[in-house]
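There are 2 protein chains.
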Amino acid sequence: MQSFEDFAAGDTHEFGAYDVTEAEVLEFAEQYDPQWFHTDPERAESESMYGGVIASGWHTTAMTMRLLVDGFLGDSAALGAKGVDELRWWKPVYPGDTLVVENEVLETTVETDSRGLVEIRTTTRAERESGEVEKVCSFVSYVMFARRDDDAE
Amino acid sequence: MQSFEDFAAGDTHEFGAYDVTEAEVLEFAEQYDPQWFHTDPERAESESMYGGVIASGWHTTAMTMRLLVDGFLGDSAALGAKGVDELRWWKPVYPGDTLVVENEVLETTVETDSRGLVEIRTTTRAERESGEVEKVCSFVSYVMFARRDDDAE
Numbered sequence: 001m002q003s004f005e006d007f008a009a010g011d012t013h014e015f016g017a018y019d020v021t022e023a024e025v026l027e028f029a030e031q032y033d034p035q036w037f038h039t040d041p042e043r044a045e046s047e048s049m050y051g052g053v054i055a056s057g058w059h060t061t062a063m064t065m066r067l068l069v070d071g072f073l074g075d076s077a078a079l080g081a082k083g084v085d086e087l088r089w090w091k092p093v094y095p096g097d098t099l100v101v102e103n104e105v106l107e108t109t110v111e112t113d114s115r116g117l118v119e120i121r122t123t124t125r126a127e128r129e130s131g132e133v134e135k136v137c138s139f140v141s142y143v144m145f146a147r148r149d150d151d152a153e
Numbered sequence: 001m002q003s004f005e006d007f008a009a010g011d012t013h014e015f016g017a018y019d020v021t022e023a024e025v026l027e028f029a030e031q032y033d034p035q036w037f038h039t040d041p042e043r044a045e046s047e048s049m050y051g052g053v054i055a056s057g058w059h060t061t062a063m064t065m066r067l068l069v070d071g072f073l074g075d076s077a078a079l080g081a082k083g084v085d086e087l088r089w090w091k092p093v094y095p096g097d098t099l100v101v102e103n104e105v106l107e108t109t110v111e112t113d114s115r116g117l118v119e120i121r122t123t124t125r126a127e128r129e130s131g132e133v134e135k136v137c138s139f140v141s142y143v144m145f146a147r148r149d150d151d152a153e
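Residue numbers (full-length UniProt numbering), protein chains in the order written: chain P, 1 to 153; chain A, 1 to 153.
Be a bit skeptical, because a hint or two may be false.
Capping the alpha-carbon separation at 16 Å, the derived lysine to aspartate or glutamate pairs in EDC-like fashion look like this [said to hold, decoys possible]:
(1) A:82 / P:86
(2) A:135 / A:102
(3) A:82 / P:85
(4) P:135 / P:102
(5) P:91 / P:134
(6) P:135 / P:86
(7) A:91 / A:134
(8) P:82 / A:102
(9) P:91 / P:127
(10) P:82 / P:107
(11) A:135 / A:104
(12) P:82 / A:85
Label-pair restraints from in silico Cβ distances [claimed, not checked]:
(13) P:75 / A:12: 41 to 47 Å
(14) A:112 / P:75: 44 to 50 Å
(15) A:113 / P:17: 35 to 41 Å
(16) P:96 / A:27: 22 to 28 Å
(17) A:12 / P:132: 21 to 27 Å
(18) A:43 / P:111: 19 to 25 Å
(19) A:135 / P:11: 32 to 38 Å
(20) P:96 / A:135: 36 to 42 Å
(21) A:47 / P:47: 47 to 53 Å
Cβ-to-Cβ under 7 Å is the rule here; a few derived chain A residues that face chain P [what the hints assert, rightly or not]:
(22) 34
(23) 61
(24) 84
(25) 85
(26) 88
To be clear, the hints were calculated from the coordinates, so they are not data collected in a lab. Each residue gets a CB set at the ideal place from its N, CA and C atoms; glycine is no exception.
So here's chain P without its partners, still in its complex pose (with noise of 0.2 Å):
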């Protein structure tokens, strides 16, 4: 399990993937992000200039999300996120894209005896039906983590 102390400046990692599906992106739309460009699908493909039905960004940045706990936080001491800085939806997400996750570590910084800052680049990339991979959305979070507790050890 990851503690603070084992998160260094310059550590990459790359994992996924998250299969983006038109229902998933209608349902979240609905529920939370209901313009049209994202639950119409037929209007979508007349009238928007993505040319089609597209992922709400606050969509993209949830499945990011999951892909970060599955492959990164789930197996850590992480205790919750500060906030986020430099979130670009770089490119609109579509049903059929596949997303992948690469994080970069930016700084570690101790907060408090039992825990730290990480701080954090995650870039989401989509492999898209016709084999074109791009950058879809990126931000910089300030993630808390717990300190290991050596006397423990």
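Keeping the supplied structure of chain P fixed, place chain A upon it in accordance with the hints.
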């Protein structure tokens, strides 16, 4: 319907509310952020530094988005967002909280003949079951809006 021309720096608007239920907190977390302090109420109550199960930060932004669409974006010429800066989760969101959102327009910029970019600060507050009100989340987003087609009017 609000087009790009209808926004001006300094505009503020408050709307809501969104009732946070434990069932929804668990459902979102099981699908997108299955860390134990989001998915396991009993363990969270005894072991978490938050004192109980809390909503995933990405769930908080998703619920905030729903308020933004219902109170603001749904009746507008919004075309999607390019990104977000300064996303901060100031305090945890708990089941039973009621969320309210305040928007402040920071800046507007013409992007092309057909659209402009509006920089908006969104602040989410939670009204607790205790009656206390706390800022729980805030971010600055860059939202594209269609410009009004004056020829067509």
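Under the constraints set out in the numbered hints, which ones does this structure not fulfil?
8 and 17
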